[in-house]
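A.B. asks: Once you know that position 38 of the sequence shown is 38 in the UniProt record's numbering, the rest is easy, because the numbers rise by one and skip nothing.
Since the hints were derived computationally from the structure, they do not count as laboratory data.
Hints are supplied without guarantee of correctness; some may be wrong.
So the derived label-pair ranges between C-beta atoms look like this [stated by the list, open to error]:
| id | residue 1 | residue 2 | range |
| --- | --- | --- | --- |
| 1 | N426 | A342 | 50 to 58 Å |
| 2 | G435 | Q534 | 21 to 29 Å |
| 3 | A460 | N426 | 21 to 29 Å |
| 4 | T287 | L467 | 35 to 43 Å |
| 5 | E447 | A242 | 34 to 42 Å |
| 6 | L467 | Q289 | 52 to 60 Å |
Think about it this way: if two alpha-carbon atoms lie no more than 35 Å apart in a straight line, the pair counts; the simulated DSBU-like pairs of lysine-lysine are [claimed, not checked]:
| id | residue 1 | residue 2 |
| --- | --- | --- |
| 7 | K439 | K346 |
| 8 | K450 | K414 |
| 9 | K232 | K166 |
| 10 | K384 | K346 |
| 11 | K346 | K502 |
Quick reminder that beta carbons are idealized off the backbone N, C-alpha and C, glycines included.
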Amino acid sequence: MKKIRTKLLVIFGLLFLLSIGIISIVNVIFTIKHNNEQLQGYEESLLTSYDRNIQGQVDNAIAVLHYAYERYQQKEMTEADAKALGQQLVKQLRYGEAGYFWIDDLNGVLVAHPEQPQNKGTSRLNIQDPEGTYLMQNILEAATNKTNNGFSEYMWEKPGVEGLVKKRAYSTLFEPWGYIVSTGNYIDDIEQLVQAQYDSNKKSLTSSLMNQFLIIVALIIVFIMILYVFSKRLAKNITNIATYVEHVAENDLSKEEMKLATQDEIGQLSMHVNRMVENLRNILQNTIQTSEQVYEASQQLSSASDEVRENSNQISETMLGIATGAETQAHHATELSHTMHAFTQKVTTINQDGEMARNTSHNILQLTNSGNELMQASIGQMHKIDEIVQQSLQKVEGLDTQSQEITQLVTVIKDIADQTNLLALNAAIEAARAGEQGKGFAVVADEVRKLAEQVAQSVAHITTIVLNIQSESTIVMSYLQEGYREVEQGAEQIQHTGVTFKQISQSVTEMVTNLDSITDNLSDMAQNSQVIQQSIEEVAAITEQTTAGIEETVATMQMTNGRVEQIANNAEQLAELSEELNTHVTKFKL
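Construct all of the structure, not just a fragment, from the sequences and the given hints.
C.D. replies: Shown next as structure tokens:
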């Protein structure tokens, strides 16, 4: 694995070398360009200096001609002598090492030439150099029209040099005599000076480039040293961060935070890593605390579910007992209904007998013996009626007692339902505290609460029914007590009739009246017996409904027990998950 320090050295070294190389190349290009421009300027300067020099020299030659012309004007000599003097003086003029002058006229005829006296008087108008330049025509054009400021160039032989050399001439017209005075110099002299300057500049350029190379080498060495120190420091900071992060990756958060004495991106990175580790440490600590709280809550939930299961079992057992009692009560109510049916039939028979007694009351005297027998039978029947009414009264009192017991049991069920509702509410609160893990338990707790509310509603309905039963039982008991009193009165009257039967004949009218009263009472008793029978049948039906409701409640409680078992299992799973979470979290060293 390549180290970042090596990468930095390579990358920055290449960038620095590339930058130095580009700068060096640009510097060399500009130096060469500047040298060429300098040489070109030097050459132009030499040419300008040369042009000014030969212009001045030609002006001197013109001054000599003016001198000769003035002597002619002053009549000191003839014009021919003056021209000869002027020509002689011009031929004698020299400048530099080999500079001389010559004179041509406007027709291109050579007038005077110090180097070619033999050509004097010859026309040079059509003379061409090897390149086809009409040198004399160009000289005439430059002198008369100032073309190229009086300068012209052409190829000409140079003494001591093989071949032709470019020569630059300057010509001026001396108008009084029509003379064109010219002089020139070989440009190769200027080229030699330029070449010498070029060689000098080249030497200076080479020396400058060498110095630049040495400076670049020195800069590279200094840069490498600086880059080495900087990369070492940077690599050290990054290595410290990497080591610290490696400890974090190995679940070790106990190391002290990094302290780097830098404010750059590396320092910012170390600060953010410290903050990340601190946040991770806080998250793990909070996770441990939350896991412990979840474990405790799951234990409490398990205990609460056990209590709810026990209470549900108790409620189921109680409801089963109530159901058994209700079934027994229904059985007794059925028997009482049958008894009341027989009682009603007997009361109807007695009523019919009373009707017969009233119909035959006018024959009582004649049928005394028969009446005595019938009286004895009536006394026996009255004893039976008394016993039946007493039994009915006892049954109704027992029904009232059982109804009160049902009321007590219903009160117990209501208390248990309220307690279950309270436990469901507490369980819902604990589930809300548990967060996402308690959602399932919250649903179960809500179902338990709804079942408890249904039980409470059923209990309220049962209470209403039992209260109605008790009210009807009270009415039935009142009717039975009233009938019992009537039966007792009838028995007493029959006993009194038996005792005083001998006086029947004397009180037939009273007996008829009493028989009418008895008949009416028997009619009422028959009606009351029917009402009692209907009430008893209603009690039996209500008792059966109560039994069905209790059985439904027992089934609901059994379903609740199943839900509570599921809650307990979820609580155990939650505890196991909490322990597993603690196991994972404890792998971190805080």
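A.B. asks: For each hint, tell me whether it holds in the structure or not.
C.D. replies: Here's how the hints hold up against the structure:
no.	hint	in the structure
1	N426 to A342: 50 to 58 Å	holds, 56 Å
2	G435 to Q534: 21 to 29 Å	violated, 60 Å
3	A460 to N426: 21 to 29 Å	holds, 23 Å
4	T287 to L467: 35 to 43 Å	violated, 57 Å
5	E447 to A242: 34 to 42 Å	violated, 56 Å
6	L467 to Q289: 52 to 60 Å	holds, 54 Å
7	K439 to K346	violated, 68 Å
8	K450 to K414	holds, 14 Å
9	K232 to K166	violated, 68 Å
10	K384 to K346	holds, 10 Å
11	K346 to K502	holds, 28 Å
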